[in-house]
Amino acid sequence: YDIEDADANCKRLVRNGIVRVADIKFPLPYRPKSFPLVIVSDALDYLSPRYLNKTLPDFARVSADGVVLFTGFPGQRKAKAADVSKYGRAAKLRSSTWWARYFIQTSLEENEVAAKKFSRAAEKSSYNPSCQIFHLRSYR
1 YDIEDADANC KRLVRNGIVR VADIKFPLPY RPKSFPLVIV SDALDYLSPR
51 YLNKTLPDFA RVSADGVVLF TGFPGQRKAK AADVSKYGRA AKLRSSTWWA
101 RYFIQTSLEE NEVAAKKFSR AAEKSSYNPS CQIFHLRSYR
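Take the sequence shown: its position 18, counting from 1, is numbered 18 in the numbering used here, and each next residue is one higher.
Source of the hints: derived by calculation from the structure; they are not laboratory data.
Among the clues, some could well be false.
[Claimed, not checked] The following label-pair restraints were derived from C-beta to C-beta distances:
| hint | residue 1 | residue 2 | range |
| --- | --- | --- | --- |
| 1 | LEU13 | SER107 | 27 to 35 Å |
| 2 | SER95 | ARG12 | 34 to 42 Å |
| 3 | ALA90 | GLU112 | 28 to 36 Å |
| 4 | TYR30 | SER107 | 15 to 23 Å |
| 5 | LYS124 | LYS25 | 37 to 45 Å |
| 6 | SER125 | SER95 | 34 to 42 Å |
| 7 | ASN16 | ASN53 | 29 to 37 Å |
| 8 | ARG89 | LYS116 | 29 to 37 Å |
| 9 | LYS54 | PRO74 | 18 to 26 Å |
| 10 | PRO57 | VAL113 | 34 to 42 Å |
| 11 | ARG101 | ASN16 | 36 to 44 Å |
| 12 | ASN53 | ALA90 | 35 to 43 Å |
| 13 | ARG101 | LYS54 | 17 to 25 Å |
| 14 | CYS10 | SER130 | 20 to 28 Å |
[Stated by the list, open to error] Straight line, CA to CA, 30 Å or less: simulated DSBU-like cross-link-like pairs of lysine-lysine:
| hint | residue 1 | residue 2 |
| --- | --- | --- |
| 15 | LYS54 | LYS33 |
| 16 | LYS33 | LYS117 |
| 17 | LYS54 | LYS11 |
Just so we're clear, the structure is a prediction, and the values are computed from it rather than from any experiment.
Idealized CB from N, CA, C, for every residue including glycine.
Just need the whole structure built from these sequences, with the hints factored in.
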């Protein structure tokens, strides 16, 4: 994704070299297990299947302890014209069943321990997510 619409804090992180912008057409320029945790928010819904098949396994490759995905719910919202022009395509909101099948097909495993721990913490703080949250294991 482009960073044109990112807020000032994100742009500052990029300028300071803390965050890097990468082109999803290429593998991430990091060794396996370079990061303890990879968090992906509001991005996968905009990827075509071709790029999703390249990108998500690459996130699992560079993470040491797992990947956390935040994705939209099907029927949650309709794509706005601004979203389509900004990202080049409308968001494709996939069901939890679709994601479960996808994880199996790409040899990605859900981390049930992390998911339960997150659910308990969310319940304790009365957090009710407005998106789907998946906790995946890193590739071994």
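So, going through the hints one by one against the coordinates:
1. LEU13 with SER107: 27 to 35 Å: 32 Å, holds
2. SER95 with ARG12: 34 to 42 Å: Because 37 Å falls inside the window, the suggested range holds.
3. ALA90 with GLU112: 28 to 36 Å: 32 Å, holds
4. TYR30 with SER107: 15 to 23 Å: 20 Å, holds
5. LYS124 with LYS25: 37 to 45 Å: 41 Å, holds
6. SER125 with SER95: 34 to 42 Å: 26 Å, violated
7. ASN16 with ASN53: 29 to 37 Å: Between ASN16 and ASN53, where Cβ atoms are some 32 Å apart, the hint holds.
8. ARG89 with LYS116: 29 to 37 Å: Holds: the Cβ-Cβ distance is about 34 Å, inside 29 to 37 Å.
9. LYS54 with PRO74: 18 to 26 Å: 23 Å, holds
10. PRO57 with VAL113: 34 to 42 Å: Since PRO57 and VAL113 have Cβ atoms about 21 Å apart, the given range 34 to 42 Å is violated.
11. ARG101 with ASN16: 36 to 44 Å: Taking Cβ atoms as reference, ARG101 and ASN16 lie about 40 Å apart, which means the hint holds.
12. ASN53 with ALA90: 35 to 43 Å: 19 Å Cβ-Cβ, so the 35 to 43 Å window is violated.
13. ARG101 with LYS54: 17 to 25 Å: 18 Å, holds
14. CYS10 with SER130: 20 to 28 Å: 21 Å, holds
15. LYS54 with LYS33: At roughly 17 Å apart (the allowed maximum being 30 Å), LYS33 and LYS54 satisfy the hint.
16. LYS33 with LYS117: 22 Å, holds
17. LYS54 with LYS11: This hinted pair holds, its Cα atoms lying about 26 Å apart.
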